[in-house]
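Letter by letter, the chains look like this.
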Amino acid sequence: MTSRTVFFNIVRFFFLIFFQVLILNHINLRSYINPYFYIYFILLLPFDTPKWILLIVSFILGLSVDIFTNTIGLNAAACVMMAFARPFVISAISSGPESLLGDTPSLRNQGVKWFLYYSVILIFIQHFTFFFLEIFRFSEFIATLVRVLLSSAFTLLLVLISEYLIYPRGK
Amino acid sequence: MRNLFLFFREHYFYFLFLLLETFSLILLFNYNEFQGSSLYAVSNSVSGSVNSMFNGISEYFSLRKTNRVLIEEMAKLHSRIPEAFYITDRNVFYKKDSVVNLEYKYISAKVISNSTNKRNNFLMINKGSVHGIQNHMGVIIGNKIVGQVVSVSPHFSWIMSMLNKDSRISGKFKKNNQLVNVEWNGGSYRTGQVKEIPKHIVMVKGDTIITSGNSDIFPEGLMIGTISGFKNAQDENFNNGEILFSTDFNSLGYIEVVVDMMRKEKEELKASFKPQQ
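Quick mapping for you: the protein sequence lines, in order, are chains A and B. Take the first sequence: its letters are residues 1 to 171, numbered as in the numbering used here. Take the second sequence: its letters are residues 1 to 277, numbered as in the numbering used here.
Hint data in this document are derived by calculation from the structure and do not stem from the laboratory. Do not take every clue at face value.
Said to hold, decoys possible - Coverage of chain B stretches by chain A, computed from C-beta distances (three or more under 8 Å per stretch; other residues unrestricted):
hint : segment
1    : 10–20
2    : 45–53
3    : 114–120
4    : 178–188
All of these numbers come straight from a predicted model, not from anything done at the bench. For each residue, glycine too, the CB sits at the ideal point set by N, CA and C.
Only chain A is shown next, with the shape it has when bound in the complex (with noise of 0.2 Å):
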């Protein structure tokens, strides 16, 4: 990891948090889309940083962002989470060495299937974690669920065209 990637993540990190607070809450699509698009932070974190480090970084982007929204601890437990269930995706659909070319997880490195994978489980995880917790009982379950899967859909399509716009295919 170079001094440079890490210039960049720290870059990274405060410009999705703005964006998150001061753009993407103020998002008003009734009270079903909700998108947590900060947690592309995680997603592009280097594969070599240290596992401590994942966890503890991706808490304190979960507490700052729970800090404009008042809900402490909120979105830092869904980040522990995601995190913690960052390296088993990355070990679980990796087929040899070659899949991890590259610094960080990219759609070019990677390639569509992979990236995708890998995007679509951890930002599942990171959703179901948050929705779940937010209203913290059962009985409203499929509402929630509906929830969920709307906003990690359109989560995903954020992630997926900030992936084209960054690293433009055939490069």
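Dock chain B against chain A, hints included.
Below, chain B alone, put in the same frame as chain A:
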């Protein structure tokens, strides 16, 4: 001892995960008890200043509408003046100055952050304990309900909107004073649920639900909404209905916080009664 140390070192990832996750959950579930604590105050003032900065930019886009809302609010305030007084038997208070009997005072404030798209929605306003706002005060717009204050810092207050799983407002039918509860199950921010309607009540669409005044939060007679649909449950003791909120929660500009001047007296009265054993 060395083995134990090695064991921790080998599995530190799991332990760190458990530690952080537990810590997050403790924060989350003690959330309400943290009100007034330093953590909460810091979080409130940080998000408050960022929100008011963002609001300062975005309010330029709605100046025209804000002007209209202000004029409407002023008209409403003028028309409310007689209602702010405690109405009681004239024989007792015949010669007293009516100002002594002021029951409700209203503090106006500006909404600086608001949401209607979450399952649990909150608002932040630009006034706090310095201006006399305290926990559990009701929040209204015109003669319509908005929510209640759940946390106060010196210059900002955090308000639980009606659109929240923990919101439960005691209402009644305007036509016959039958008590019901109003809640919100998520989904559209225009409609909520009316629970515990006694079976013998004959409802029609358009029946008005107003606040009952039983909860010490809202004065009696504020608009909650009108019945927009209902179903007669066969095997339960109560019917449930759907209510169309009078308040447009998505366009709250200036709201008012209700200060119940006689709250302390009411609470002392309740506390002074001790059932005989």
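Here is how each hint holds up against the structure:
1. Here the segment 10–20 of chain B counts 5 residues with a CB under 8 Å from a CB of chain A, which clears the bar of 3, and the coverage holds.
2. Interface restraint, the segment 45–53 of chain B with chain A: holds (4 residues with C-beta to C-beta distance below 8 Å; minimum three).
3. Only when three residues or more bring their CB closer than 8 Å to a CB of chain A does the claim for the segment 114–120 of chain B stand; here the count is 6, and the claim holds.
4. Proximity of the segment 178–188 of chain B to chain A, defined as three or more residues with a beta carbon under 8 Å from a beta carbon of that chain, is established by the 4 residues found.
In this structure, every one of the numbered hints holds.
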